[in-house]
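Line by line, the protein sequences are chains A, B, C, D and E.
Taking our numbering, the leading residue of the first sequence gets 1, the next gets one more, and so forth.
Taking our numbering, the leading residue of the second sequence gets 1, the next gets one more, and so forth.
Taking our numbering, the leading residue of the third sequence gets 1, the next gets one more, and so forth.
Taking our numbering, the leading residue of the fourth sequence gets 1, the next gets one more, and so forth.
Taking our numbering, the leading residue of the fifth sequence gets 1, the next gets one more, and so forth.
It is worth saying that the hints were derived from the structure and are not from the lab.
Note that the structure is predicted; figures quoted are calculated from it, not measured.
Using N, Cα and C, we set each Cβ at its ideal position, and we do this for glycine too.
Among these hints, one or two may not hold up.
Stated by the list, open to error - Over the 10 Å line for every Cβ pair with chain C, so calculated as not near, a few chain A residues:
1. 23
2. 41
3. 109
4. 191
5. 228
6. 323
7. 326
What the hints assert, rightly or not - To be clear about the criterion: a stretch of chain B counts as covered by chain A if any three or more of its residues have a C-beta under 8 Å from a C-beta of chain A, and this derived list gives those stretches:
8. 78–86
9. 136–150
10. 193–203
11. 207–214
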Amino acid sequence: MLYREAGQFKTTYEADQAIFPLRQDRIGIAVIAALAFVVVPLTATDFFLTSIMTPFLIFALAAIGLNVLTGYAGQLSLGTGAFMGVGAYSAYKLTSIFPDANIIVVLLASGFFSAAIGVAFGLPSLRIKGLYLAVTTLAAQFFLEWCFIRIPWLYNYNASGAIEISQREMAGIVVTGPAAAPLTQYFIVLCVTVGLTWFVSNLIRGRIGRQWMMIRDMDIAAELIGVRPLTAKLSAFAVSSYLCGVAGAMMVFFWLGAAEPSAFAISLSFQVLFMTILGGLGSLIGSYMGAAFIWILPVALRVVLPSLGFDVAAETVQHLTSMIVGALIIFFLITEPHGLARLWQLTKEKLKVWPFPYG
Amino acid sequence: MNVHVDTAAPAPTRSKGEVLLKIDNVSLYFGGVKAITNISFDIMKGEIRAIIGPNGAGKTSMLNVINGFYHPQVGTITWRGEVRRKMKPFEAASQGIARTFQNVALFKGMTTLDNIMSGRTLAMRRNFLWQLIRFGPALEEEIAHRRRVEEIIDFLEIEHIRKTPVGRLPYGLQKRVELGRALAMEPELLLLDEPMAGMNLEEKEDMSRFIVDVNEQFGTTIALIEHDMGVVMDLSDRVVVLDYGKKIADGAPDEVKSNQDVIDAYLGVAH
Amino acid sequence: MLYDIFVDPFVQMAAQPDFLLQVLWEGFVAGILYALIALGFVLIFKASGVFNFAQGIMVVFAALTLVGLHEHGVPAYLALILAIAVMGLLAYTVERVVMRPLVNQPEIILLMATIGMTYFLVGFGEFVFGGEPKSMITEELGLPTGSTAFQIGERGLLILQHIDIAAAVIAIIMVAGLGIFFNKTRIGRALRAVADDHQAALSVGISLNQIWAIVWFAAGIVALATGIMWGARSDVSFALEIIAFKALPVLILGGFTSIPGAIVGGLVIGFGEKIGEIYWGPLVGGGIESWLAYIIALIFLLFRPQGMFGERIIERV
Amino acid sequence: EDSIYVPLFTYRTGPYAGSGIPIANGMEDYFAMLNERDGGIGGVKIDYDECETGYNTQKGVECYESVKAKNPVVITPYSTGITLQVIPKASVDRIPVLSMAYGLSAAAIGKTFPWIFNAPDTYWDGASAIIKDIARREGGLDGLKGKKIGYIFLDAGYGREPIPLLEDLAKKYGFEMTQYPVAGKEMQNQSSQWLNVRRDRPDYMIMWGWGAMNPTAVKEATKIRYSMDKFYGVWWSGGNDDAAAGGMAAKGFRTLNFNGVGKDYPVIQDIKKYVVDAGKSQVEPAKFADNLYNRGVYNAMLIAEGIRSAQEHSGKKVVTAEDVRNGLEVMNLDEKRIADMGMKDFMAPLKMSCEDHNGHGPLYIVEWDGKDWQKSGEWFEPMTDVVQPLLEAAADEYVKSNAPWPERDVPCAK
Amino acid sequence: MTSQTIQAHREAHAEAPAETILALNNIEVIYDRVILVLKGVSLTVPKGGIVALLGANGAGKTTTLKAISNLLRAERGDVTKGNIRFHGKEVQALSPNELVRRGCIQVMEGRHCFGHLTIEENLLTGAYTRKDGAGAIRTNLEMVYSYFPRLRERRSSQAGYTSGGEQQMCAIGRALMSKPDMILLDEPSMGLAPQLVEEIFEIVKELNSQQGVSFLLAEQNTNVALKYATYGYILEAGRIVLDGAASALRENEDVKEFYLGVAGEGRRSFKSVKHYKRRKRWLA
Ligand SMILES: Nc1ncnc2c1ncn2[C@@H]1O[C@H](COP(=O)(O)OP(=O)(O)OP(=O)(O)O)[C@@H](O)[C@H]1O
Ligand SMILES: Nc1ncnc2c1ncn2[C@@H]1O[C@H](COP(=O)(O)OP(=O)(O)OP(=O)(O)O)[C@@H](O)[C@H]1O
Ligand SMILES: [Mg+2]
Ligand SMILES: [Mg+2]
């Protein structure tokens, strides 16, 4: 009885088109926001912030990026890792060329580079579709990875071949580098991720988002209705790569602190893909859920399994984690193939009719 | 019940006589398959033009030619007095040609509302940045179009499924949503490919009413493919009959109905 | 510069024909091995429209089972038979636990499920066999290990590894066998039907359960063969899993559903990659093999979006 | 009860597990042996604990964060990628990092990196040592003139690092160097590289390989019938499995080494007695005391000696991270201490200092006899003189690109 | 359900001869675990009967048929109540292919041809469960071709490229290839030219009378359906609201008005329907 539409009348289309038309949803979101902005900062340990929350948010952003392309525009991509890398390397270059630039500006600007590269590799999508398109994005993945190794200019000719993030300040507060407080970094990542999510949700609900979904659901019909495949697909590639680029930059600047090219390897692409699919293609909330599932669950298992009193070796924990995660992926897909977001939605639908079994 | 759709312009009267679309000597082949051979006919402004013929006669292919999905190997198409060359489908759409599909081609992952909104794509102007913040002009535009779409939803009596993903709808409603999507484009020429397949009588009557209303109220020209002879004979102004890719008859419903070739090839028994 | 790109490589080829032959042979062998991996993918894709991401780990798992059993004192041939049995069991389990509940789901969901399987098998495999690399029991299985050198011209030399020859022969036998099985039996037609539309296939009485168990088993055997061959080239470890990526451009080039496509695609990639790396690679500092195959496939796709032998993508309204 | 916490970042899973497992076993067993035999170090038990990284940088950060809270006295990241991430963090958190012969070479410069240690040698030391050994066989450095030396490497920061030094030396001594990069994804697919080797016919081959790249390279080398005694690997190419892949045909393959091979050392016997035979080790009997296992023992010994020397230096029993940093800086493993540890011939003397966090210790060559590694030739010094300027330049570069890199704020331990 | 219809229902059941080929008893279907679609449907098909299942869009006809042929699971639907007997045996637990093997095949709504297979290959997959040899299958194929000459012409085209009506013929022909005892036809007339519609029903009649095949057909074209069927059920919003012999249904006033379009004065013109009809439902 708690979760009901009844009695909530919308009198304007604005209200009807709001992100969270239901009061209960709005309350839920407010609670989550309070948790994220107040409770976590007040209570969390450094480990929780650096190893759980910050990467979770970064991955959520990357998953949203991929979701734009794969979930909303229907173009399968396996090149996310490389696009994240482009963001990271361009942010790195930007900071070394403009050492005094505001770091947030640099981050947001770096996304444009990955967007440009994304568009270039998106061009073949006009002809190549479905799984076959995966090859284009794989080509991007491996070619870019090779560039990260082979173009020393990208990493300022470091002997180590890696990019290392030095200390930067913003308004007198250290935001990057080892001296930055995990809390500061968490806040920046949280704001950027939430802000960009809001932008994306706007896009999705408007004309551009609808064009993406049209192309996804039936590209021929979309074209017959007047969607230009070129603009629709490339804009999806651009927005997606932009988000991934920013996520990649944040990953290095606010989380890892240094990165070798192998940090942007294909395994990263897959990691993000898992999050996107498992969370639910075509759902922003799903991206958060997917990121939480794929990132937090293994960490939690690693922490929890030994503390349950199982005295198991570190690698056994790893084996178990891998098996449990794999089994859970399959389990969730079987329970609800359309991802955690859909599972959540169905639960809500059930709640609406509760205590009756069906509506 | 009277559905009232307000349009800015008063309902234009049928101004027949002006040729909107002219097909000249068109032929279309797929490898060895001759889908269309040497067909000519025209569609006048404001009329309901039916295309009928046995299965595989080339009716759907004809529509595909008209809206640029197929490009005929031979022949010309004149649209509003201009000869069209290799027009892309989205260009046809932007010039006012809308259609529905024989095998429902809705956007399965989207709700009814979004599907119909998608018909408004071409009419929406606000650029990327406005879309991004979805505020001011962008929101106003969205709301304005939403209002138009709600009118169509009202008109088609599908209010109750506004927020349902179309994949879950029964077939008949899907067809109706598809019509709604085409209407949302406010087309000059509306191509309907078997809009009533899979409907029962009651629903066919409703659908007929919608089609006639669209034609009368908005002055939309309609090309209609349908296998229900009752519907075709009642609604259309002129009928063109295809068989094996060739035109075998063209004229008023009554003429066509009694044409022996048509009876042999298509109707079976005189209706 | 232009000379380096357009003339010099050919001059080199002409100058050392024996070496060119060797390069071609290596390309051939690599191509055959790529084709073997791709074959496993094709089988499953053909029969269910599932892109089996777990094929790579199945290769590792199959080979580890074989070697692991042998380490525990099981004679080589018995270990081989047991390994085949284990792959059969795996096929049965996958069908029961993963495929059956996910019938009629979009391909990306099924892809995801195979990724879940990958996670599981990685954990399970390391749990059972440990993470250390193991050497393939090439000799014990009666596979040849030596090499033969042919004198070509005065100074020329062509070295053929016997194991490579064996790999080629085995691959060809498997492809021929599978080709006959799938094209000449009614199952072949049923497979393609299943890949098109699960539900319709069910409605005409095709037993998806049985078909899937069969193809997963076939893919398991292919994985075992792949594991033996690749394992003989380096060793059997979890790193072998990444060679699955090699199959992607091959698959895409050949078309996801074509058994001959896997072979031809494999050979094109094999030859293209070796020749490209050896004659043109040095121009950019080498190591271009990691992406060359994808670029070859990409360029090819631009002209034929469904791959060489792939089924045409049907576009009709 | 008092104990000293030593986290060990290890990887027994993932594609590199083959090398990670013996190293992890070696480290664990050495500490187990100390705890059993001596009751720890200076009477304080060592509380050692593995954190599984899977050789993955993301998990490395997680490991670092999770152990940080437990007051570790030293961090051993065991992956170059993880080391690079940990260096700045540990410098701020004031935890010493010991990356034994891997990681950032420039960290040898103690002035810049007070918290980082990478004894006993850097990769540049290694590269120079191989050239030195080749020169010895060619009758001196002059003999290098006109020679062709091939360099096959994992195409990543690790494999690319020696290139500038090799190029320098090539210029200086007049040999020609050709490069054969192997992409990480192509580790097990090296036929192109070796075809190129066959065409170019280099006089010597040097390999900077890791994980599955090593056995594959050894096999491919035997396939093209490259003469194996001209084929050198860095110490990370010296796993037993790496060479065993080539079997008898790999006979003659040689790698650099800085730890003893085999079981004939008192320390190894003690481990056998107190740990392995007592059933407290994870090591498979057949793999006990293989080369990477012994290297793990060496690594653990460095940590233990750092702690011991910290205890001496600080006069405390339960030492802190700061103490261990000091301890490492003043550590001096001379012949006597080596003998006390039961490590005679197992290792060469090593001494670090405030300026030198590496030691640039002597190395020797091991040769594969078809079944096992055999010591071949004597301990010799790398060309520290050519390496030092490169290290200093790299450290300067690091400071510049990581500005504002903090000035050294810890006094030299004396 | 009004007591009257329940009564009629009971009688229909009571009358049902011993040889009932298919019987549904109080079936309830739920999609996605929350959407209740069938709310207790019971119906029977006598051996050798042609039973029509009528109802508006979304009434649940397709769902009923899929529940019988066990294709629901593939759509995440579940039969949560009731039972289904085919030849007297419960079949809910059987796999779809087992059901086909026992002689019950469904022609799915919306064609569902195998797009990449040619028309002929499509037809041959229909014979997948048959074990009676290539010769018999060949004869059967010829029979299908003689029913649908158009298919013979297009036999080597990929089904995905054929026209809608051709695909519909292909789907029906494919089902005939399995030599079934019972065919579940979902909207067979959809998209077919008028004379073909008649032909299809003639084929149904022929198979029924000559080979004793039983039919359950869901059809929107009530006119034709009731002409050929022996018995009919009318489904509204997941419930059977009316059933009876076809002839009786044809005379029912409500059926006449809503399904046959002949209210008193004969057929109305589609154009002259000037007001939108409020749907009258048996159940509010
Ligand atoms: N893209 C294509 N490739 C090959 N053949 C095609 C293609 N499109 C149509 N055809 C063939 O052209 C012929 C005409 O098809 P079309 O779809 O126009 O028929 P139709 O008149 O719409 O029939 P129906 O009433 O059954 O829908 C058919 O025989 C069909 O198989
Ligand atoms: N996969 C599904 N998931 C959720 N709801 C579904 C699903 N399939 C059908 N439904 C719902 O079940 C109801 C009955 O659908 P069904 O397709 O059985 O109707 P029908 O009588 O065959 O209609 P039509 O004449 O349009 O084919 C509809 O309200 C529909 O929305
Ligand atoms: Mg048609
Ligand atoms: Mg239906």
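What are the numbers of the hints that this structure violates, sorted from low to high? Per hint list: 6, 7, 8, 10 and 11 violated.
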